[in-house]
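Protein chains: 2
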Amino acid sequence: VKKVVVTGASGFVGRSVVAALRLRGYEVHGVARGPANDVEIDAWHPTDLLDPVATRELMGTIRASHLVHLAWTTAHGRFWSDPDNLAWSRATLALAEAFVDAGGGRAVMSGTCAQYGWDATTTGVFPETGERRPQTLYGISKQSTSDLLQAWSAEVGLSFATGLLFFPYGPYENPDRLVPSVTRSLLGGRRAEVRSGARVADFIYVEDCGAALAALLDSDVAGSVNIGTGQGIPVADVANAIAAALGREDLVQVVAPGTEPPIVADVTRLLGEVGFSARYELARGVRETIEWWRSQELTGSAAGSRPARR
Amino acid sequence: VKKVVVTGASGFVGRSVVAALRLRGYEVHGVARGPANDVEIDAWHPTDLLDPVATRELMGTIRASHLVHLAWTTAHGRFWSDPDNLAWSRATLALAEAFVDAGGGRAVMSGTCAQYGWDATTTGVFPETGERRPQTLYGISKQSTSDLLQAWSAEVGLSFATGLLFFPYGPYENPDRLVPSVTRSLLGGRRAEVRSGARVADFIYVEDCGAALAALLDSDVAGSVNIGTGQGIPVADVANAIAAALGREDLVQVVAPGTEPPIVADVTRLLGEVGFSARYELARGVRETIEWWRSQELTGSAAGSRPARR
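Chain order of the listed sequences is A and B. Residue 82 in the numbering used here sits at position 82 of the first sequence; the count goes up by one each step and never skips. The number in the numbering used here is simply the position in the second sequence, starting from 1, with 1000 added.
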């Protein structure tokens, strides 16, 4: 049996990764400071990954063949410059060492499209071979950690890939982000003001994102792989899709159209080498997301009260 | 009093850094797994920096204002692809965190000219603004660690610089490297075959290298600073300088002239911003080195038996 450790398994993306890996027959061991009761999983391990001694002990106990590393500092807005990015980088290196020392052979970590340069000189479509010019501590930390692990893996015989996540949306997303905030405003009958409406980005439904990462893990593709749909969608269209699904076009106001270049994944590797393509159209992903938020409001749960983790 | 922690203080470059810092009035705390009895220093701490718990405890005890981090895996030949580069990267991140948490304000780490790309497309003179295309696990590890610390420092208010070392030579260098191996062969009356004789590199006497790093620490210059002389010297000239000093030109044979581009530091920052320039000419540096090796042979010490550390 293929045994996989998933860090950040109770988080926004982690939940979808866990589900996709179980569908593929993996025995899934989730690591999270706060395990989630509503995730179907083989085992939870409430380990603090910032503690390298505990991490090494955990990996020695589980002795997994596979690793998906998603845990990172993800506080909305703040994560771009959060000093804890450094702690997560060193924790990631320690985790990889402990995983390999315990016999692990295949690992995937989540990176970010922010590892590319987003300035006006880009075409807006990013192949993995493109230049990396991350502008933030978050982007630099992910890029540095990934570079290091890639070079190290070649020396120790670890099969290693980084999935560069574009813009996942869906259930359990941080409520302050675009899709949840518009959805919740409209569900509550409140106006939603949407900035940078003309900005084009690669939005991917989180279930597709999780399935893509699981497919990447199950392959032997090494290096960076973009995780997106390959389709650019203007922010305004996302807001309008939510409004249309709820019949509340009257509540959405798009301001500050935005002149930044698009941020869209080149999915040649994901399609051709990993063999994965996204299944959810925007309208369907939005409907699923709305249903989930509606269920949250109905059950009165403190939506998004758990800090989202990639 | 300015209190500085120097890691790798018993190593090849570390010894010169310690001496230069004491001249500048620092209280110097050396960290090394094996302290050196023959180094004048204020205190030795025999801490294993790969142990993050011990590192944190040490930094909390010393509470230094300054840090020079030189320790790294440096086994000759093997360090380029040594898997321990990963361990040193994460140890470096943990050290920086612990240093700042204990009140530290200014840090310098040693990088390497191998962080630049050495292929045929370069001009051979490397300004710090130049592209980084490290080709080895060692170069990638130094580059990634330095990038990360630079971005993190800006967020936590640490003043941080990386000194990119070119080609230091002198006493205590690993005996398998160019200058020691030619010197020892000629001292023993044996022939020395020198490869890549036409290769031009920026050789800097280790005392200058240590003094430059001390000057960099004592400044508030941030970012990358090349540590070299700014002068390219062909490998053949280095060998011939040793032969001339010993009157044994007959024993040196230069083979495989080499067609690689030069590797020379652009020292604009070191001169203009740090205010340092190298004092040793090649002939003098070579003479000092020969004298040291002669004293080693006379006292019968196991020359270079201690693994050199940067």
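Possibly wrong hints are sitting among the right ones.
[Claimed, not checked] Under 8 Å between C-beta atoms, here's a sample of chain A residues computed to sit facing chain B:
| no. | residue |
| --- | --- |
| 1 | His45 |
| 2 | Asp48 |
| 3 | Leu50 |
| 4 | Gly77 |
| 5 | Ser81 |
| 6 | Ala87 |
| 7 | Ser89 |
| 8 | Glu155 |
| 9 | Val156 |
| 10 | Leu271 |
| 11 | Gly275 |
[Said to hold, decoys possible] Derived DEER-like restraints, expressed as beta-carbon distance ranges:
| no. | chain 1 | residue 1 | chain 2 | residue 2 | range |
| --- | --- | --- | --- | --- | --- |
| 12 | B | Ala1154 | A | Ala75 | 15 to 23 Å |
| 13 | B | Val1156 | A | Asp101 | 40 to 48 Å |
| 14 | B | Gly1117 | A | Glu288 | 43 to 51 Å |
| 15 | A | Glu291 | B | Val1053 | 45 to 53 Å |
| 16 | B | Ala1075 | A | Glu281 | 37 to 45 Å |
[Unchecked claim] Coverage of chain A stretches by chain B, computed from C-beta distances (three or more under 8 Å per stretch; other residues unrestricted):
| no. | region |
| --- | --- |
| 17 | 131-143 |
| 18 | 238-247 |
In short, the hints are calculated from the structure, not lab data. Every residue gets a Cβ at the ideal spot worked out from N, C-alpha and C, and that includes glycine.
Status of the hints after comparison with the structure:
no.	hint	in the structure
1	His45	violated, 20 Å
2	Asp48	violated, 13 Å
3	Leu50	violated, 10 Å
4	Gly77	violated, 14 Å
5	Ser81	holds, 5 Å
6	Ala87	holds, 7 Å
7	Ser89	holds, 6 Å
8	Glu155	holds, 5 Å
9	Val156	holds, 5 Å
10	Leu271	violated, 29 Å
11	Gly275	violated, 29 Å
12	Ala1154/B <-> Ala75/A: 15 to 23 Å	holds, 18 Å
13	Val1156/B <-> Asp101/A: 40 to 48 Å	violated, 31 Å
14	Gly1117/B <-> Glu288/A: 43 to 51 Å	holds, 47 Å
15	Glu291/A <-> Val1053/B: 45 to 53 Å	holds, 47 Å
16	Ala1075/B <-> Glu281/A: 37 to 45 Å	violated, 55 Å
17	131-143	holds (count 5)
18	238-247	violated (count 0)
Comparing the model with each earlier hint shows violations of hints 1, 2, 3, 4, 10, 11, 13, 16 and 18; every other hint is respected.
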